[in-house]
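Trainee: Here is what each chain is made of, one letter per residue.
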Amino acid sequence: MNNIKEGCMKPKLLNFESESTEIYPVEKFPSKTLEKAVEVFSSLPGVGKKTALRYVLHLLKEDAGTIENFSEVLQNLSNNIQHCKNCFNISDNPVCEVCSNPKREQEVICIVQDIRDVLAIESTMQYKGVYHVLGGLISPIDSVGPNDIKINELIHRLQTSRINEVIMALSTTMEGDTTNFYLFKKIKDFPVKITTLARGVAFGDELEYTDEITLARSITNRVPYENTLAR
Amino acid sequence: MYLKELSLFNFKNYSEAFFEFSEKANFFGGNNGIGKTNLLDAIYYTSFCKSFFNPIDSQNIQSEKDFFMLKGLYLKDGEESIVHCSIKRNQKKLFKLNKKTYERLAEHIGKFPLVMVSPADVLLILEGSETRRKFLDGIIAQSNKNYLDNLLNYNRALAQRNVLLKQMAASGRCDKESVFLWNEQLVKFGNPIYEARCEFIRDFIPIFRSYYSQISDINETVSLVYESMLLENNFTELLENAYSRDRAATHTTCGIHKDDMTFFINDFPVKKFASQGQQKTYLLSLRLAQAQYITEKLKMKPIILLDDIYDKLDDERLARLIAILVNDSFGQLFITDTHPQRIPQVFEKLQIPVKINILQASEV
Ligand SMILES: [Zn+2]
Numbered sequence: 024m025n026n027i028k029e030g031c032m033k034p035k036l037l038n039f040e041s042e043s044t045e046i047y048p049v050e051k052f053p054s055k056t057l058e059k060a061v062e063v064f065s066s067l068p069g070v071g072k073k074t075a076l077r078y079v080l081h082l083l084k085e086d087a088g089t090i091e092n093f094s095e096v097l098q099n100l101s102n103n104i105q106h107c108k109n110c111f112n113i114s115d116n117p118v119c120e121v122c123s124n125p126k127r128e129q130e131v132i133c134i135v136q137d138i139r140d141v142l143a144i145e146s147t148m149q150y151k152g153v154y155h156v157l158g159g160l161i162s163p164i165d166s167v168g169p170n171d172i173k174i175n176e177l178i179h180r181l182q183t184s185r186i187n188e189v190i191m192a193l194s195t196t197m198e199g200d201t202t203n204f205y206l207f208k209k210i211k212d213f214p215v216k217i218t219t220l221a222r223g224v225a226f227g228d229e230l231e232y233t234d235e236i237t238l239a240r241s242i243t244n245r246v247p248y249e250n251t252l253a254r
Numbered sequence: 006m007y008l009k010e011l012s013l014f015n016f017k018n019y020s021e022a023f024f025e026f027s028e029k030a031n032f033f034g035g036n037n038g039i040g041k042t043n044l045l046d047a048i049y050y051t052s053f054c055k056s057f058f059n060p061i062d063s064q065n066i067q068s069e070k071d072f073f074m075l076k077g078l079y080l081k082d083g084e085e086s087i088v089h090c091s092i093k094r095n096q097k098k099l100f101k102l103n104k105k106t107y108e109r110l111a112e113h114i115g116k117f118p119l120v121m122v123s124p125a126d127v128l129l130i131l132e133g134s135e136t137r138r139k140f141l142d143g144i145i146a147q148s149n150k151n152y153l154d155n156l157l158n159y160n161r162a163l164a165q166r167n168v169l170l171k172q173m174a175a176s177g178r179c180d181k182e183s184v185f186l187w188n189e190q191l192v193k194f195g196n197p198i199y200e201a202r203c204e205f206i207r208d209f210i211p212i213f214r215s216y217y218s219q220i221s222d223i224n225e226t227v228s229l230v231y232e233s234m235l236l237e238n239n240f241t242e243l244l245e246n247a248y249s250r251d252r253a254a255t256h257t258t259c260g261i262h263k264d265d266m267t268f269f270i271n272d273f274p275v276k277k278f279a280s281q282g283q284q285k286t287y288l289l290s291l292r293l294a295q296a297q298y299i300t301e302k303l304k305m306k307p308i309i310l311l312d313d314i315y316d317k318l319d320d321e322r323l324a325r326l327i328a329i330l331v332n333d334s335f336g337q338l339f340i341t342d343t344h345p346q347r348i349p350q351v352f353e354k355l356q357i358p359v360k361i362n363i364l365q366a367s368e369v
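One line per chain: the protein sequences are H and C, in this order.
Just add 23 to the spot in the first sequence (first one is 1) and you have my numbering.
Just add 5 to the spot in the second sequence (first one is 1) and you have my numbering.
In short, the hints are calculated from the structure, not lab data.
From the structure, some residues in chain C lie toward chain H, with a derived Cβ separation under 7 Å:
id: 1; residue: 158
id: 2; residue: 161
id: 3; residue: 165
id: 4; residue: 168
id: 5; residue: 169
id: 6; residue: 186
Derived SDA-like pairs: lysine to any residue, alpha-carbon spacing no greater than 25 Å straight-line:
id: 7; chain 1: H; residue 1: 209; chain 2: C; residue 2: 167
id: 8; chain 1: C; residue 1: 105; chain 2: H; residue 2: 74
id: 9; chain 1: C; residue 1: 93; chain 2: H; residue 2: 67
id: 10; chain 1: C; residue 1: 116; chain 2: C; residue 2: 204
id: 11; chain 1: H; residue 1: 73; chain 2: C; residue 2: 96
id: 12; chain 1: C; residue 1: 263; chain 2: C; residue 2: 161
id: 13; chain 1: H; residue 1: 208; chain 2: C; residue 2: 252
id: 14; chain 1: H; residue 1: 173; chain 2: H; residue 2: 245
id: 15; chain 1: H; residue 1: 211; chain 2: C; residue 2: 180
id: 16; chain 1: C; residue 1: 98; chain 2: H; residue 2: 71
id: 17; chain 1: C; residue 1: 55; chain 2: C; residue 2: 302
id: 18; chain 1: C; residue 1: 193; chain 2: C; residue 2: 203
Just so it is clear, CB atoms sit at the ideal spot from N, CA and C, and this is done for glycine as well.
Required output: the full structure, derived from the provided sequences and hints.
Mentor: As structure tokens, this is what we get:
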């Protein structure tokens, strides 16, 4: 008989290495001011209490000038930043640098979700047209409907300026896809060419994370939007 | 493919434990509450990234501890793979394969296929349609990579559409255009799910019937019938026609999220007319067929976990079941019983080797 009878517990052979239980107690602060600062920093996306504390302690080590500079930059951010009245990109002036650049093709509009997409596309240096920043995607769960993003403003642009081409460059998430489709239905009767980025990236990939070469290629080789509708 | 070693740390009743397993059959005896089922659940975790019993990860952490960790060493085609799972309270679940963290847990599903057979299977008969859809989805997702993505996307679109319907009801405004926008997504992801389910049922029924007749000695015809509103209707039209109903109900009333299955023995529904013994045999056959289906699709034999299922199963059926499980179509076997001798005796009678572990309180 081959039955093996034995106790099955042994001291751990497979050890759990670095994933042990390091605990950083950051609940008790010696100062209310410090606590407040940590709280503010940790309200930033991706910053936990631990990282926030590291930032604050780092700032405390700097001289007064550095901190003053920091707060001035933040103040300016809230006082001086505006949105381009044309494309809703973030700008120092009523009309942004892209829209006011005479070398850019004003007849080609690239629709993006937010400024990060503008930065990503600009970094390829392959795009010569202008933008339209929607400022979000249709998503009832986030209480964002078609009227909460700059869709009517886009239609207004199409009605009032001479536009030849609209490029849909929203993320390929469920919400990006839905917003693309909504836009397409709204603008398909305008005499414009509607295209989209020719990317072979999977559903769910964000434009922001696409590498520069791939993005450069896809913004140069765009395809008619209708080709992507397998409905 | 088989699980060679498993370490547990603060998982349910295990503070710290290490197990080494046989490539074929492993038996775990011991009193109720000693942790036999928890051990199977830990194995289940390394395959599905979640507990079979408790979907809330943090509740599987030993009480008053901050985290649990599981580490499984699998052998697959002669190569070692280490699956590592750690859950800390209030933190994202961490899942690694060979030290590489998964960005999406869905990528792990199907890499180490597994079938759990448990007394809770009776819920497949007793509970509502959601339990049976989960059964379908669980099997298909292990063998069809797009299926889980389609399902996640479908559920996302469904959630968006339902929130919109509720927002409309609350504000009294009507936005048909926006609702229909989500129809597009439901159809886009729902149709391939429907097709995959139809195909699965077609392939599954003959396998299922064959196992039922192997375990049962009575000549009975068993069947399962897939029910979907999409069987006779175009999904787009269904959604369009249901608009006023959906508005009144403030949720989406038609689609593959309403699919169901009915189980039959000799054309009578199992739920109403089958004896407990028949139900047991029916459920076991479903699980065995599931394992066989996965083997055929993945060209890999899934691990089988059998948790205390022998109540209502006479010795003859039990012996037939074990004889089926240890033949070459099934993979590594984990089997628990409170009775320390009953299962080992069946193995002995069949002259099949089994690694016997009797769990005792001091070791847990
Ligand atoms: Zn501008």
